[in-house]
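Enquirer: Listed below are the residues making up each chain.
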Amino acid sequence: MMRRALPLLIGALALLYPLLVSGSAVYQRLGALVLLSAIGASAWNLIGGYAGQVSVGHAVFFGAGAYAALAGYAQFGMPPIAGAPIGVGVAILVAALIGVPTLRLSGHYFSMATIAVAELVRVLVTNWEWLGGAQGISGPAIPRTVLDLSFTSAVPYYYIFLAVLVSILFMTWRIEKSRMGFYLRAIKDSERAARSLGVAAGRYKLYAYMLSAGLTAVAGALYAIMFGFVDPESGCGILISVKMLIMAALGGAGLLFGPLVGALILVPLEEISNSLLGGKGAGLTFVVYGAIIVVIARFLPSGLLALFTGLRSPRKPSATEPSHAA
Amino acid sequence: MSSILLQVIVSGLLIGAVYALFSSGLTLIWGMMNVINFAHGDFVMLAMYTAFLVWTAFGGGPAASVPIAAVVLATIGVLSYFLLVRHIMRGPMLAQIMGTFGLALLLRYSAFWYFGANFKTLPDTLLGPPFVFGSIRVDAPRLLAGTIGLIVTLSLHLILTRTALGSRMLAVSEDATAAQLMGIRPEHMQAAAWALAAGATGIAGALIATFFYTSPTVGETLAIVAFVTVAFGGFGSVPGALLAGLLIGVIEAVSAFMIGPVYKDVIVYTLFVLVLWTRPQGLMGKA
Amino acid sequence: MFLQRGVVAVLGAALLALGTAQNGVAQQSVRIGAIYPLSGNAASAGSSSKAAIELAVDLVNHGNPDLKDVPLADGKGLPGLGGAKIEVIFADNQGTPAAGQNQALRLITEEKVVALIGAYQSGITVTTSAMAERHGIPFMAPESVAANLTERGFKWFFRATPVAGDFARAYSEFLKEQQAAGQKTASIAVVNENTEYGNSVASVIKEQFAKDGLNISQVIPYSANTTDVQPQVLQLKEKNPDVVIFISYTSDAILYAKTMKDLNWKPAIMIADDAGFNDPSFVATSAGLVEGLVNRSSFAVGKPGSVSAVINDLYKKKTGNDLDDPSARAMQGMLILADAINRAGSTEPAKIQAALKATDLKASQVITGYNGVKFDDKGQNVLASSLITQMQGGKYVPVWPKDKAAGELKLPYKGW
Numbered sequence: 003m004m005r006r007a008l009p010l011l012i013g014a015l016a017l018l019y020p021l022l023v024s025g026s027a028v029y030q031r032l033g034a035l036v037l038l039s040a041i042g043a044s045a046w047n048l049i050g051g052y053a054g055q056v057s058v059g060h061a062v063f064f065g066a067g068a069y070a071a072l073a074g075y076a077q078f079g080m081p082p083i084a085g086a087p088i089g090v091g092v093a094i095l096v097a098a099l100i101g102v103p104t105l106r107l108s109g110h111y112f113s114m115a116t117i118a119v120a121e122l123v124r125v126l127v128t129n130w131e132w133l134g135g136a137q138g139i140s141g142p143a144i145p146r147t148v149l150d151l152s153f154t155s156a157v158p159y160y161y162i163f164l165a166v167l168v169s170i171l172f173m174t175w176r177i178e179k180s181r182m183g184f185y186l187r188a189i190k191d192s193e194r195a196a197r198s199l200g201v202a203a204g205r206y207k208l209y210a211y212m213l214s215a216g217l218t219a220v221a222g223a224l225y226a227i228m229f230g231f232v233d234p235e236s237g238c239g240i241l242i243s244v245k246m247l248i249m250a251a252l253g254g255a256g257l258l259f260g261p262l263v264g265a266l267i268l269v270p271l272e273e274i275s276n277s278l279l280g281g282k283g284a285g286l287t288f289v290v291y292g293a294i295i296v297v298i299a300r301f302l303p304s305g306l307l308a309l310f311t312g313l314r315s316p317r318k319p320s321a322t323e324p325s326h327a328a
Numbered sequence: 009m010s011s012i013l014l015q016v017i018v019s020g021l022l023i024g025a026v027y028a029l030f031s032s033g034l035t036l037i038w039g040m041m042n043v044i045n046f047a048h049g050d051f052v053m054l055a056m057y058t059a060f061l062v063w064t065a066f067g068g069g070p071a072a073s074v075p076i077a078a079v080v081l082a083t084i085g086v087l088s089y090f091l092l093v094r095h096i097m098r099g100p101m102l103a104q105i106m107g108t109f110g111l112a113l114l115l116r117y118s119a120f121w122y123f124g125a126n127f128k129t130l131p132d133t134l135l136g137p138p139f140v141f142g143s144i145r146v147d148a149p150r151l152l153a154g155t156i157g158l159i160v161t162l163s164l165h166l167i168l169t170r171t172a173l174g175s176r177m178l179a180v181s182e183d184a185t186a187a188q189l190m191g192i193r194p195e196h197m198q199a200a201a202w203a204l205a206a207g208a209t210g211i212a213g214a215l216i217a218t219f220f221y222t223s224p225t226v227g228e229t230l231a232i233v234a235f236v237t238v239a240f241g242g243f244g245s246v247p248g249a250l251l252a253g254l255l256i257g258v259i260e261a262v263s264a265f266m267i268g269p270v271y272k273d274v275i276v277y278t279l280f281v282l283v284l285w286t287r288p289q290g291l292m293g294k295a
Numbered sequence: 009m010f011l012q013r014g015v016v017a018v019l020g021a022a023l024l025a026l027g028t029a030q031n032g033v034a035q036q037s038v039r040i041g042a043i044y045p046l047s048g049n050a051a052s053a054g055s056s057s058k059a060a061i062e063l064a065v066d067l068v069n070h071g072n073p074d075l076k077d078v079p080l081a082d083g084k085g086l087p088g089l090g091g092a093k094i095e096v097i098f099a100d101n102q103g104t105p106a107a108g109q110n111q112a113l114r115l116i117t118e119e120k121v122v123a124l125i126g127a128y129q130s131g132i133t134v135t136t137s138a139m140a141e142r143h144g145i146p147f148m149a150p151e152s153v154a155a156n157l158t159e160r161g162f163k164w165f166f167r168a169t170p171v172a173g174d175f176a177r178a179y180s181e182f183l184k185e186q187q188a189a190g191q192k193t194a195s196i197a198v199v200n201e202n203t204e205y206g207n208s209v210a211s212v213i214k215e216q217f218a219k220d221g222l223n224i225s226q227v228i229p230y231s232a233n234t235t236d237v238q239p240q241v242l243q244l245k246e247k248n249p250d251v252v253i254f255i256s257y258t259s260d261a262i263l264y265a266k267t268m269k270d271l272n273w274k275p276a277i278m279i280a281d282d283a284g285f286n287d288p289s290f291v292a293t294s295a296g297l298v299e300g301l302v303n304r305s306s307f308a309v310g311k312p313g314s315v316s317a318v319i320n321d322l323y324k325k326k327t328g329n330d331l332d333d334p335s336a337r338a339m340q341g342m343l344i345l346a347d348a349i350n351r352a353g354s355t356e357p358a359k360i361q362a363a364l365k366a367t368d369l370k371a372s373q374v375i376t377g378y379n380g381v382k383f384d385d386k387g388q389n390v391l392a393s394s395l396i397t398q399m400q401g402g403k404y405v406p407v408w409p410k411d412k413a414a415g416e417l418k419l420p421y422k423g424w
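Residue numbers (the numbering used here), protein chains in the order written: chain A, 3 to 328; chain B, 9 to 295; chain C, 9 to 424.
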């Protein structure tokens, strides 16, 4: 009985949320922001969670989506949404280019390489006049048609993001159940063992990386459409990459709903603490934010969902594993 | 070679030695425990504020602030180990990034809350006038930081390779279970490694404070340099960090001078990715 | 199963929080929202601006007998609204365009502010003012200089500050005067940080100087968060230009001052474009290294007893620092808003908008060095202008144009 009632209840709640908080534009927007972050973190989850390749450079793909949406508008007068598919294509292409060499690296080396590539891209974008250089690009400040998707209310955004998130989660769920999902988990546990069983590890990691990149670009494009502005720091900055990772890790990386749970905790925490404490100007927002992340990492190193999924028994101390390069 | 180009190279070597100095603590932790400390830059920041406090409290220069910062940071390092790192090491690598990133925010904004957002500097006359060798000028704070940087990284290397403490720490990092069988307590060795690494970071911060500005967010600027230096040189390799630091310092200085400051990062990052690609273990890391 | 229960708990908690979020609206005071970087890299500047805005509000609400010429500074609140007091709600933009826009929505819909002021960084002003435009709330930008801000066709956007074109003209006129007086200005170098601020100011200066026949021989863009500025200074040392214009943030400004001394190089005329070189942190740490530095500012402390001197004393009493230029412009922005709301005699956004459009303040009524305040159709203050100041004995003294000068220009640049 409960087993069937709960998903229905959650689904209804998700659908009705904007109406439930119809008195508060801020809470409607908060809902949209949670979903947007969950989209980015779920996209990251494919490579970082399922395949265990901890990318700290996904801002490159986020930026590809955001810049494609707004550059299409700024240069050719296209509605931002029309630029989104271009951004996705560019992100997949870039992922293939970056992925072939860097996915050969393992563990921290892969993470470091992705940080370096992302910083490299950020510096290049900063000096790229066509993309607005350091000044960034603005979207249509005053909507020309409804196609510009520029709304005062956050409700339309909420439903667009909800539809996108549900599609991504559905896709992830299908992959999880497929042969590819099995291979990715095998690679995560031990790439060497997976290879010895005949899994084409390199190829599947690359597929997951490209898919993850394309979906991250969707998040970037949606971000740019909602906020109407992107510059090198807000599009390709290291904080964008780290936030995706933290959100997924906090909820539970490699779990279908992990990133969503992470976003449900961190986004309201960030927004509400900034609203309550930010105006005092003493940096207290981030003291609280940092402390909560530390506490969760300390007591639930595998993420919040580990509480419920029996992952509670921690792995052996990783100090026992020699650090290995590819 | 024009004397200006020579000056560029000398300046690059000096800043490179400083990079090596503040990266050696990071490489030690990374190599010994396979933990990336995302709060490393903020450890440097705390050491810089310690130097600033020492100066405002009783006018103490580096002679006082360097040992004090070393002790303060070693204490913070050991506390971080026992309260946080020891636990997150049991989780996946993601937990380490999450935990140390949270720690970074916590430290950065605690400093913000206590000291305020304003930039602070130590008086530039603290260490006397610059040294002049012919047409080459070297300012005293950088010369001191560069020299001590060399001494500290070399001593760290000697401690790891030539002392009983060092071989025990290495034994734990190679195989904690085997080390335990030989009567070594892994946790003690790991705590010692954190004390050593954070202490070296303390020395680095106190010295950098003599010629750099101090602000709550300064660690962010320094951390990325430290990451690149460490991965470039090879995880866990102190001599690697030294070599990489010097190389990066000179490459940055020369490319900024010849091509333009905007492109120095492009060149360093490109080179870094190329090195990772061809030699993932870094210049002097073990494969 | 358990997972789902967790999700419900979280959603439930969020919903509960809602109930408490609606604050009672007691409209005794006029509420204005201020969005500034109170954390992140620009927090130093943001907190100075916050203090300056608080001082402006304090003048309106409680008054000061020494400031008779400044409108509303008689402590009677807003007479046009029956003596209502102003209340400012501050919000932190965290240095990101996203946080700025989120906070703008909160201030407008929950705090019910009647106008917004901010947001320091131009990129964040883009997103915050777009939110104000959609809700039909006046937005005052007292310090963001990016050219495109006033080109968006906004109806609710007002900018009080001079923009890059105004600075460039001031530098050009100033240098031509020095040329005529026999100073060497044959080669000019521009050193700029390469985010939006530095790039845009540098490119406008290049255009203006080319038009006016001034020779820029060297342009050195660099990234602001740099760990080392020695290569840039050595590039200058190699070419040895007569004039250098620095466009820098605080951290790099501090490094340039130190490094130029270390490497023992200085030009005959050294100009700084405001920003980092006017930051109280820079003045406190580096004033002794840049004696004779020529700077651009819209605010300079005049003779004792003058409006600027009184305000600077009040600010110093409050914060321990002298009032810096961006903060003075923020303060000016708040006073303009207060004046408009008072004339509107209403807290209705449309009436405030109309009053802002009708703003006509004289030079004697402003605290900055502006020639007054009057907005054009795009919302730009056409009377905004800059002073040229010079570091003399640890303080910036206005030296140009002559009619606003309080001291003699001393050249060449002395440094340390």
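Do not rely on the hints blindly, as some may be mistaken.
[As the list claims (entries may be wrong)] 25 Å max Cα-Cα, derived BS3-like pairs, lysine-lysine:
1) A:K282 x C:K76
2) A:K190 x C:K325
3) C:K76 x C:K324
4) C:K325 x A:K282
5) A:K282 x C:K370
6) C:K370 x C:K84
Bear in mind the hints are in silico, worked out from the structure with no lab data behind them.
Enquirer: Each hint: holds or not?
Expert: Hints and how they fare:
1. A:K282 x C:K76: Roughly 31 Å separates the two Cα atoms, so the pair is violated.
2. A:K190 x C:K325: Not satisfied, since the Cα-Cα distance of roughly 61 Å exceeds 25 Å.
3. C:K76 x C:K324: holds, 20 Å
4. C:K325 x A:K282: Holds, because 20 Å separates the two Cα atoms, which is no more than 25 Å.
5. A:K282 x C:K370: violated, 34 Å
6. C:K370 x C:K84: holds, 21 Å
Of the hints listed earlier, those the structure fails to meet are numbers 1, 2, 5, in rising order.
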